[in-house]
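Visitor: Each of the two chains sits in its own frame; use the hints to bring them together as a complex.
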Amino acid sequence: MAPASPAAPRTPAVENPLFEYVVRLGDDRLVLGHRVAEWCGHGPILEEDIALSNIALDLTGQAAALLALAGSIEGKGRDEDALAYFRDEPQFRNALLCELPKGDFGVTIVRQFFFDAYSLLLWDALAACTHEKLAALAAKSRKEDTYHLRHSAEWVRKLGDGTPESHERAQRAVDALWRFTGELFERDAIDDAVVSHGIVVDHAALAAKWRELVEGVLREATLTVPAEPGPRATGGRRGRHTEHLGHMLAEMQIVARSHPGATW
Amino acid sequence: MSDSQWPLWEVFTQGDHGEPFEHAGSVHAADAEGALQNARDVYARRGEAINLWVVPSTAIVASAPGDAGPFFDPGNDKAYRHPQFYKVPKGVKVF
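Residue numbers (our numbering), protein chains in the order written: chain H, 1 to 264; chain F, 265 to 359.
In short, the hints are calculated from the structure, not lab data.
Each residue gets a CB set at the ideal place from its N, CA and C atoms; glycine is no exception.
Selected chain H positions facing chain F (in silico; Cβ < 10 Å):
id: 1; residue: L46
id: 2; residue: E47
id: 3; residue: E48
id: 4; residue: I50
id: 5; residue: L52
id: 6; residue: S53
id: 7; residue: I55
id: 8; residue: Y147
id: 9; residue: R150
id: 10; residue: E154
id: 11; residue: W155
id: 12; residue: K158
In silico negatives: residues of chain H with every beta carbon more than 12 Å from chain F:
id: 13; residue: V14
id: 14; residue: L18
id: 15; residue: D79
id: 16; residue: K102
id: 17; residue: V107
id: 18; residue: D191
id: 19; residue: A227
id: 20; residue: T242
Cβ-to-Cβ under 7 Å is the rule here; a few derived chain F residues that face chain H:
id: 21; residue: E297
id: 22; residue: Q301
id: 23; residue: D305
id: 24; residue: V306
Next comes chain F alone, as it looks inside the complex (with noise of 0.2 Å):
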């Protein structure tokens, strides 16, 4: 089958104005306007997004499963990275 596989492609949609670029899912598709209508008839056919990204897989670089120990843990036990030492002012209003 993988010769006969189009290209593989991943899909972000932006839901509303100002909100970010989510990744949706992925589709094939032979080139970038078949990606562009693809996600949109998969992704964004119920009025889900206002806008869409469409990016080669291959364009995306991804940390391997191995990385995960080097790359995250040392996050868990450094509770002073954390900004939650500050009481905030009254003045402040919490949103």
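Isolated chain H, as found in the complex (with noise of 0.2 Å):
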């Protein structure tokens, strides 16, 4: 039974529903941008530790164009600051594997490389669509997201076909975090709405392909994919999150909020 098996939670009518399909997509970004962000001065090693940064800067730079966008389509006034700062935590609509806490360094790694593949094949497929502002955003993305995935692919495959340790560490992170994964794919009517927009993805196309790939990056890895997904963890893209999220937007907003308005 895949993880990734596509349904179609309920969700409730939005008045905006290509806002919010745009605001989903920040939101993974922004959210997994400040855990990954977490790493900064704390790396295994000074090479890592600039690696990781990088990537978090690649995600808060794609969350703040998606965020820009989504405030321009919905068109109150809100910019990218006022949606990522000012919006409290029933309001995010990112997929609960991303708020997680950044854990150790396996954990780390194979949420980023679970989600780098998911994220990728989405820019695949979003670059194609005929909105074209998210078209474009989508190309420049992937491009940062191929390198995303070629780093975090071969950590998983160190970390797996490394020491004993590292095994043990990385098999225990692929365990706990694969029923996380189930929600990236899902579908619901917010994804059906967009396509009057020119917006299509194939959800079901979309977790085979994941899937696939990460299978065997975790074969190479001598990691065991987990046999029972363990009941699905959603709820993230309707605004029901974990206990962690809450906490991260307290330290991730607390400036902004303390200075409303401040420039530097």
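Guide: So, in structure tokens, the structure goes:
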């Protein structure tokens, strides 16, 4: 049973599905970018510290562009900063996978690998869509994510096929994160509604490609693909988050909220 | 630390097509792919390069400080080795 089998969760009707759709894309990258940035100054070696910070900045840059686009679609005067710093937890639309604590290096790398594989395949699909601005963002972002995936996949191989300890930690991360991957491929009313804007993503095909890619790397890494996905963790796309997001947002948003409108 | 440190790699970057590769610095990495990625992240993340070389530092053969006299000093006092006694013909553009 694939963790990635698409389903159609009930999503309450929203005023502007296109806005909602782009916010989901932006929030995934904003929240994950913040989690990866938590490694800055704490990386296992200097070179990897810089590598993770680069990836975090790429994700934050993608988030800024996506949330700016979302703000212009919404047309209520909210820019990317307003959306990033002045929404509360229930208004965030990221997948739960992105908000989980950074954990050890194994968790960070496996999570990044799962996300990079998904993100790259998604950008491939979106680059071909007829929504011009989103297609342009997709074409730009897919270059960044191609590198991210090369980096995280290489680390998965190294950790999985490394020492007994690195193997065990990587396997633990795969087992713990597996049930969070199904949410990435869920299809709901928002996805159906944005088809009229030229955004057409085949979730089932995306999930199948993701599985093939991910399982291939896990096998090379001598890691075991979990047999049972377990209960799928879901809810992020509708604003129902784990207990971790609120703490993360408190830290991420405090400066902007303490000094509204500040520039430097 | 030395037994837990990854091998050292020297990084060379090419700034533009046709330009020479220049030494940029060094990185630690477990293997060639890791070295290439670390070199990219450390030395080419701000658009400094269009190509990268990484070479195991152990593969570099270097002159020793003691070689400096015999290797380099004789070059300085033999002006006739420098091709600077020719007048450039008028028709040749200096560039």
